[in-house]
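A.B. asks: Hey, can you work out the whole structure from these sequences and the hints?
For the sequence shown, the residue numbers in this note's numbering are 19 to 119.
By construction, these hints were calculated from the structure, which means they are not laboratory data.
All C-beta atoms in this analysis are idealised placements derived from N, C-alpha and C, irrespective of residue type, glycine included.
Keep in mind that the hints are not guaranteed to be accurate.
Stated by the list, open to error - Derived DSS-like pairs: lysine-lysine, alpha-carbon spacing no greater than 25 Å straight-line:
| no. | residue 1 | residue 2 |
| --- | --- | --- |
| 1 | Lys50 | Lys116 |
| 2 | Lys104 | Lys41 |
| 3 | Lys21 | Lys83 |
| 4 | Lys116 | Lys41 |
| 5 | Lys105 | Lys116 |
| 6 | Lys116 | Lys104 |
| 7 | Lys20 | Lys91 |
| 8 | Lys25 | Lys105 |
| 9 | Lys41 | Lys105 |
| 10 | Lys91 | Lys25 |
| 11 | Lys25 | Lys83 |
| 12 | Lys58 | Lys21 |
| 13 | Lys20 | Lys50 |
| 14 | Lys91 | Lys41 |
| 15 | Lys104 | Lys25 |
| 16 | Lys91 | Lys50 |
| 17 | Lys116 | Lys58 |
| 18 | Lys105 | Lys50 |
| 19 | Lys116 | Lys91 |
| 20 | Lys104 | Lys50 |
| 21 | Lys116 | Lys83 |
| 22 | Lys25 | Lys58 |
| 23 | Lys50 | Lys21 |
Said to hold, decoys possible - Quick list of simulated restraints, FRET-style, between CB atoms:
| no. | residue 1 | residue 2 | range |
| --- | --- | --- | --- |
| 24 | Val23 | Leu117 | 30 to 36 Å |
| 25 | Val23 | Leu118 | 26 to 32 Å |
| 26 | Leu51 | Asn22 | 16 to 22 Å |
| 27 | Lys50 | Asp107 | 31 to 37 Å |
| 28 | Asp37 | Glu85 | 16 to 22 Å |
| 29 | His63 | Pro33 | 17 to 23 Å |
| 30 | Arg115 | Asn22 | 17 to 23 Å |
| 31 | His63 | Arg115 | 19 to 25 Å |
| 32 | Asp86 | Leu118 | 14 to 20 Å |
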Amino acid sequence: MKKNVYKVQLFYGFPVEQDNNGKYFCSNDQVKLSVWRTGKHSTGHFQQIGQLFLTENNFFVVILKVEDINFNKRHAYTPLARFLNKKIDDSELNRLRKLLV
Numbered sequence: 019m020k021k022n023v024y025k026v027q028l029f030y031g032f033p034v035e036q037d038n039n040g041k042y043f044c045s046n047d048q049v050k051l052s053v054w055r056t057g058k059h060s061t062g063h064f065q066q067i068g069q070l071f072l073t074e075n076n077f078f079v080v081i082l083k084v085e086d087i088n089f090n091k092r093h094a095y096t097p098l099a100r101f102l103n104k105k106i107d108d109s110e111l112n113r114l115r116k117l118l119v
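C.D. replies: Given below as structure tokens:
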């Protein structure tokens, strides 16, 4: 890769909230799928579908789909702030995956 060029990925997901038990969930089935990208200053690493990341506005988003994009197309998407070492439980992940179809 050229200098100052880094791998860029798109992350599709829904915003989530935390309940009183500490579990993350999507509160609205009609919520719009959002798309974010890795940025030069994004911290952490993507590990798996169902993982959470934090936006620059401190919203939690669950990752449901990932794809690579060309570096020169990155400006069409908002960068995420950081990946978290947290994930949603499998039942909630399966429910949200059905909303993608």
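A.B. asks: Taking the hints in turn, state whether each one holds.
C.D. replies: Do the hints match the structure? See the list:
Distance restraint check for Lys50 and Lys116: the Cα-Cα separation of roughly 14 Å lies within the 25 Å cut-off, and the hinted pair is therefore satisfied. This hinted pair checks out: Lys104 and Lys41 have alpha carbons roughly 10 Å apart, not beyond 25 Å. In summary, the hint linking Lys21 to Lys83 is not supported, as the alpha carbons are separated by about 28 Å, beyond the 25 Å threshold. Distance restraint check for Lys116 and Lys41: the Cα-Cα separation of roughly 19 Å lies within the 25 Å cut-off, and the hinted pair is therefore satisfied.
A hinted pair counts as satisfied when its Cα atoms are at most 25 Å apart, and Lys105 with Lys116 qualifies at roughly 17 Å. With a CA separation close to 21 Å, the supplied pair Lys116 and Lys104 stays within the 25 Å bound. Of the pairs offered as hints, the one joining Lys20 and Lys91 holds, with about 16 Å between alpha carbons and a cut-off of 25 Å not exceeded. Restraint check for Lys25 and Lys105: satisfied, since their Cα atoms lie roughly 23 Å apart, inside the 25 Å limit.
For the hint pairing Lys41 with Lys105, the CA-to-CA distance comes to about 9 Å; that is within 25 Å, so the pair holds. At most 25 Å may separate the alpha-carbon atoms for a hinted pair to count; Lys91 and Lys25 meet this at roughly 12 Å. Taking the CA atoms of Lys25 and Lys83, the gap is near 16 Å; set against the 25 Å cutoff, the hint holds. As the CA atoms of Lys58 and Lys21 are separated by approximately 12 Å, the hinted pair is consistent with the 25 Å bound.
Proximity of Lys20 to Lys50 is assessed by CA-CA distance (about 35 Å); at most 25 Å being required, the pair is judged violated. At roughly 35 Å between alpha-carbon atoms, Lys91 and Lys41 are farther apart than 25 Å, so this suggested pair is violated. Between the alpha carbons of Lys104 and Lys25 the distance comes to roughly 23 Å, so the proposed pair stays at or under 25 Å and holds. Distance hint between Lys91 and Lys50 is fulfilled; the C-alpha atoms sit about 22 Å from each other, no more than 25 Å.
Simply put, Lys116 and Lys58 have alpha-carbon atoms about 32 Å apart, too far for the 25 Å limit, and the pair is violated. Among the hinted pairs, Lys105 with Lys50 is consistent with the structure: their alpha-carbon atoms are about 20 Å apart, no more than 25 Å. For the proposed pair Lys116 and Lys91, the alpha carbon gap of about 29 Å is over 25 Å, so the pair is violated. A threshold of 25 Å between alpha carbons decides the hint, and for Lys104 with Lys50 the separation of about 22 Å falls inside it, so the pair holds.
Taking the CA atoms of Lys116 and Lys83, the gap is about 12 Å. The hint holds against a cut of 25 Å. Simply put, Lys25 and Lys58 have alpha-carbon atoms about 9 Å apart, close enough for the 25 Å limit, and the pair holds. At roughly 36 Å between alpha-carbon atoms, Lys50 and Lys21 are farther apart than 25 Å, so this suggested pair is violated. For Val23 paired with Leu117, a C-beta distance near 34 Å keeps the hint of 30 to 36 Å intact.
Between Val23 and Leu118 the Cβ separation comes to about 30 Å, which falls inside the hinted range of 26 to 32 Å. Separation of Leu51 from Asn22 is about 30 Å and departs from the stated range, judged on CB atoms against 16 to 22 Å. Evaluation of the 31 to 37 Å hint for Lys50 and Asp107 yields a failure: the beta carbon distance comes to about 23 Å. Range check, Asp37 to Glu85: Cβ separation about 30 Å, and the 16 to 22 Å hint is violated.
About 21 Å separates the C-beta atoms of His63 and Pro33, a value consistent with the hinted range of 17 to 23 Å. For Arg115 paired with Asn22, a C-beta distance near 36 Å fails the hint of 17 to 23 Å. Checked against the hint of 19 to 25 Å, the pair His63 and Arg115 passes, with Cβ atoms roughly 22 Å apart. Asp86 and Leu118 have their C-beta atoms about 18 Å apart, which keeps the hinted 14 to 20 Å range intact.
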